[in-house]
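Work the whole structure out from these sequences, hints included.
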Amino acid sequence: MAKLQFHPRCGSNAEVTNGQRTALRQTPEDDYTNGAVLTSRPLRVGEIFEVTIDEVVDSWIGSLQIGVTTHSPDTLQFPSAMTDVTSGTTWILTAFGVKRNGETINDDYGQSLDDLTRGDRVGVVMKEDNSLHFTINGEDQGEAATDIPAEVYGVVDLIAQAAKVTIVDHSDSSLNTRSIYLKQYAEQPIHLPKNWKVVKKLEGDTVTTVEVDKDLADAIKKLVEVSWDYDLVGYGADAKHLKHKAIEVTKVVQIESTSLYKEYEQQRKDFCKRAAAKSFPKVTCDPDEKEIQTSVHGIPLLDDQLIPEINEHFLFHGAKVEFVDAILKQGIDYRLASAGLFGSGAYFCERTTKGDQYTDSKDGRAGGEHVMFLTKVILGHIYNAKKGNKTMKRPPCVHHCTGKCEHKKSEFYDSVMGTHVIDRHTNNLRKLLFREFIIFEKRQCYPTYIITYVRK
Numbered sequence: 027m028a029k030l031q032f033h034p035r036c037g038s039n040a041e042v043t044n045g046q047r048t049a050l051r052q053t054p055e056d057d058y059t060n061g062a063v064l065t066s067r068p069l070r071v072g073e074i075f076e077v078t079i080d081e082v083v084d085s086w087i088g089s090l091q092i093g094v095t096t097h098s099p100d101t102l103q104f105p106s107a108m109t110d111v112t113s114g115t116t117w118i119l120t121a122f123g124v125k126r127n128g129e130t131i132n133d134d135y136g137q138s139l140d141d142l143t144r145g146d147r148v149g150v151v152m153k154e155d156n157s158l159h160f161t162i163n164g165e166d167q168g169e170a171a172t173d174i175p176a177e178v179y180g181v182v183d184l185i186a187q188a189a190k191v192t193i194v195d196h197s198d199s200s201l202n203t204r205s206i207y208l209k210q211y212a213e214q215p216i217h218l219p220k221n222w223k224v225v226k227k228l229e230g231d232t233v234t235t236v237e238v239d240k241d242l243a244d245a246i247k248k249l250v251e252v253s254w255d256y257d258l259v260g261y262g263a264d265a266k267h268l269k270h271k272a273i274e275v276t277k278v279v280q281i282e283s284t285s286l287y288k289e290y291e292q293q294r295k296d297f298c299k300r301a302a303a304k305s306f307p308k309v310t311c312d313p314d315e316k317e318i319q320t321s322v323h324g325i326p327l328l329d330d331q332l333i334p335e336i337n338e339h340f341l342f343h344g345a346k347v348e349f350v351d352a353i354l355k356q357g358i359d360y361r362l363a364s365a366g367l368f369g370s371g372a373y374f375c376e377r378t379t380k381g382d383q384y385t386d387s388k389d390g391r392a393g394g395e396h397v398m399f400l401t402k403v404i405l406g407h408i409y410n411a412k413k414g415n416k417t418m419k420r421p422p423c424v425h426h427c428t429g430k431c432e433h434k435k436s437e438f439y440d441s442v443m444g445t446h447v448i449d450r451h452t453n454n455l456r457k458l459l460f461r462e463f464i465i466f467e468k469r470q471c472y473p474t475y476i477i478t479y480v481r482k
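For what it's worth, the numbering used here labels the leading residue of the sequence shown as 27, then goes sequentially.
Treat the hints as calculated values from the structure; they're not laboratory data.
Do not take every clue at face value.
Claimed, not checked - Distance condition first, Cα-Cα at most 30 Å in a straight line; then the derived BS3-like pairs of lysine-lysine:
| id | residue 1 | residue 2 |
| --- | --- | --- |
| 1 | K430 | K299 |
| 2 | K468 | K355 |
| 3 | K413 | K430 |
| 4 | K271 | K248 |
Now the structure itself:
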């Protein structure tokens, strides 16, 4: 039988694209209804009809609805909302529970759909006993209804915030294999990195540094060079008195810290477990944003150390030389620093031009050697902050509450990507010269290498 697809005949505000795998609401900001789409064929027993939320809008309150219906897409007179259908039989999971032909049959069922956002997955499946189950991010929410007819079509109603979804292809073996890998990785015990040269056991609290071999040093030097933007030297509030044209790497050492590594690796496993069930959106889901630049240059000795499914990246962190020992012992602890443009977190950058600004005092630039950390950072679910907020103490919830969250059972973003601030002179929104990446949990980063360099 053919793969599940959406039927091209759909609600008046809906459109089916991408080889009938994707459905979207054509005017999501103006009309929150008329976005119903059905599968092109009935569902098989045991076959999961699952979609990933690709796009959401903030203009409305509420999320998509999903279920099954006895109606065929060829004959259904599409309503403004599927809960308005009273002929035939339609079972729909809404934010207010499970409904049958618009009437609530279970008002305390599973996780609220209102908590979902871009990257989340929602599904429905009819079991062999003719019961109906819904899934959220791969987790069965339990029996929702019984005595479901043998022939029902899958239905998604793109209402309110839900603007675009894509059917998950469960026949994609590579997707399933990678999900299995992430789950297995999460369940494995913590092991020493294979490239550690001095520390040979995880027990105790050992910290040391060792110079990397030539191949790895060359790889890191390449990343430093391609991440340098001479045209932006001296620009920005933190770039005062900088006039050099380039930087030259003189030494690269690897940090081998058992305590910091164990904390980071446990976080890594926790994120892998989440990613096995729910994929984390990439920054490029926002059409205005490019991929994180440290990960686009194809440097295998660095790229192969990362798990891209959890949005793990190498990022730069500039620090004064006198702070190196403290970072080796305690990690990059944002609690000892003053709040930045996006709150009290640990700040990282994708450009060495930006990291270089923080390696000495802007009011008294020093000569000689400087240091920058090349750090593994788990960004997870990234919040794109298009406005500065110095009061943030954690990432916002998925409803974008940056302070106290009033939403019950709400999930939170894992990190912040700062892209815009309010200009203090014009009071207009201004794009930053450099994107900034902020975490509010220090175990989400591991200072991996210390890069020593001089300004030229």
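Tested hints:
no., hint, in the structure
1, K430 to K299, "holds (27 Å)"
2, K468 to K355, "holds (13 Å)"
3, K413 to K430, "holds (18 Å)"
4, K271 to K248, "holds (17 Å)"
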